[in-house]
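*Asks:* Could you build the full structure based on these sequences and the hints that come with them?
As you go down the protein sequences, you meet chains G and W in turn. Residue numbers for the first sequence follow the numbering used here, beginning at 1 and rising by one. Residue numbers for the second sequence follow the numbering used here, beginning at 1001 and rising by one.
Since the hints were made in silico from the structure, they are not lab data. Idealized CB from N, CA, C, for every residue including glycine. It cannot be assumed that every hint is accurate.
Claimed, not checked - Capping the alpha-carbon separation at 27 Å, the derived lysine-lysine pairs in DSSO-like fashion look like this:
(1) G:K199 / G:K95
(2) G:K236 / G:K33
(3) W:K1086 / W:K1012
(4) G:K34 / G:K49
(5) G:K49 / G:K195
(6) G:K38 / W:K1086
(7) W:K1012 / G:K42
(8) W:K1012 / G:K49
(9) W:K1086 / G:K34
(10) G:K49 / G:K33
(11) G:K95 / G:K238
(12) G:K95 / G:K49
(13) G:K205 / G:K195
(14) G:K49 / G:K38
(15) G:K33 / W:K1086
Stated by the list, open to error - Part of the chain G face toward chain W, derived, beta carbon under 10 Å:
(16) T28
(17) L108
(18) G132
(19) H219
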Amino acid sequence: MISLSDFSHEHDRGSIAVSVQNLGLTYTTSIDKKPTLKARLKSLGRGRKFTRTVHALDGVSLDVHYGTVLGIIGSNGAGKSSLMRVISGIVPPTKGRIEVFGSVSTLLALGVGFNPSMTGRENVYLGGLAAGMSRSEIDAKFDAIAEFSELGEAIDSPMRTYSSGMFARLAFSVAAIAEPDILIVDEALSTGDAKFKAKSLNRMKELRTADRALILVSHALATIEELCNEVIWLNKGKLMARGNPAEVIAQYREFMNVGKSASTDEDV
Amino acid sequence: MRTYMRSLWHRKAFVAEFARSQLREQNFGSVFGQLWLILNPLLLSGVYFLLIYVIGGTSDATRFAHLTASLFLFYLIANSLTGGVKAITSGQRLILNTSFPRIMLPISAVVVAILRFLPTLAVAFVIHALVGLPYSWQMLWAIPILFVAVVMGLGLAILMSCVNVYFRDISSMLPYLTRSLLYLSPILYEASKVADGIKAFQIFNPLFYLLDSWSRVMVHAQAPTTFGMAHASTFAFAIFVVGTYFFLSRERDFAVRL
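*Replies:* Set out below in structure tokens:
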């Protein structure tokens, strides 16, 4: 049996993986979901605003060390996903400085780059290449991916024929094979049925090695507490607290005025 | 810029695989599948055969060969443009979740257009042979003309994919633009047949001399004119440079605009 952990890198525990200093992100986006030239021409001279400014992050500073699993919690709109996107280079910061010491892989959404017309096998290559892997890397890991996804012969059927659970299993398997120095995961554990959720969680535990830094965003506080050895809490783009998972989660619960319940503990 | 180009080169396998998957999706579920890549140009040339030989009642082989060859090259550019315009907006999931050079998406659209064009080139050569048109070494000019056409297609795809992020209705206007270009370019007629009164305006059409050069080479087996090649190359490289500059200056904005 091939384990997804058979492919490894080396880094010293405790050395800095990501350094974020006074990070700020302000961007201008369209008010209309689909901005059009027609709307712009019709309102010429009427002074209507077409864009709004969003202050997503403000003065966030943190260091992530190798060997650390950093959890990020916060309510919707707190800036968690923005922080992930800035660290992974998807969105450039407006101010501050980010230094990344190692290769970064993101697991921000499942099935990125997949094409439903193609078979599961072809999508493994498409998704892997989209994630920045080379064809030979995917060749080497293909059997492990297929085994982890538990799709059996369905791997050669078009993904159009897959159930949502099968789709999510293959997508997670492709995403989880990446063995980067720094792995950024955003709400990707709520995948498939209970058995596969447990398997995904175990895979995350497998990835917790001394030579890797994991950054995990989730609303599932129990998962965060179980996986992480450090947690930060963001609120309206600002860093509210950082430290021991149990303590930060307790502060967050108190602030949000919610007790410990199944809805805040589990992936939903 | 060097890092950007290196990153783009590193991702070339993804561009090829992504283009292949797009092409597959376009013909997925149809009875003939990928065979449509050959059937399409054959049916198109069949329609024009019917128009010229059967309905028109003429036996103008040169006109038939000119029409089909020019139309195939026109579709290379038109398909680059129509495929490229939505390359960024339809790649939203990729852009929001992965860090990669965004220019890969319109490039993939042009690769799809090239893959669709290649079978039509074979059909054009078959028609050339069937109607008994001449051959000469001048036909090798087709290679630089094709290169210029690809540069123009790339420039248009890159430019319009970026414009469409800010004005989503641009893609709905494209069919009218491409149809206008089709009628204003020497496809349904030869460049020499354009009335004197409007000849002065053909200089403003970026495709005019490109298609005229293509017809001279592929149909008449003659060398293109120096002015024709200079005009086509100038337009192609200008569109490519302006489009790429505009795209690269805006691409950091895409993730928050989609």
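*Asks:* If a hint holds in the structure, say so; if it does not, say that too.
*Replies:* Status of each hint after checking the structure:
1. G:K199 / G:K95: violated, 39 Å
2. G:K236 / G:K33: holds, 22 Å
3. W:K1086 / W:K1012: It holds: about 20 Å lies between the C-alpha atoms, which stays within 27 Å.
4. G:K34 / G:K49: holds, 14 Å
5. G:K49 / G:K195: Status violated; Cα separation ~50 Å.
6. G:K38 / W:K1086: With a Cα-Cα distance of about 18 Å, the restraint between G:K38 and W:K1086 holds, given a limit of 27 Å.
7. W:K1012 / G:K42: violated, 42 Å
8. W:K1012 / G:K49: violated, 40 Å
9. W:K1086 / G:K34: holds, 13 Å
10. G:K49 / G:K33: With Cα atoms ~14 Å apart, G:K49 and G:K33 stay inside 27 Å; holds.
11. G:K95 / G:K238: Cα-Cα ~14 Å, so holds.
12. G:K95 / G:K49: holds, 25 Å
13. G:K205 / G:K195: Status holds; Cα separation ~15 Å.
14. G:K49 / G:K38: holds, 15 Å
15. G:K33 / W:K1086: holds, 16 Å
16. T28: holds, 8 Å
17. L108: holds, 4 Å
18. G132: Hint on G:G132: holds, closest Cβ of chain W at ~7 Å, below 10 Å.
19. H219: Result: violated, 18 Å to nearest chain W Cβ.
Of the numbered hints listed earlier, those contradicted by the structure are 1, 5, 7, 8 and 19.
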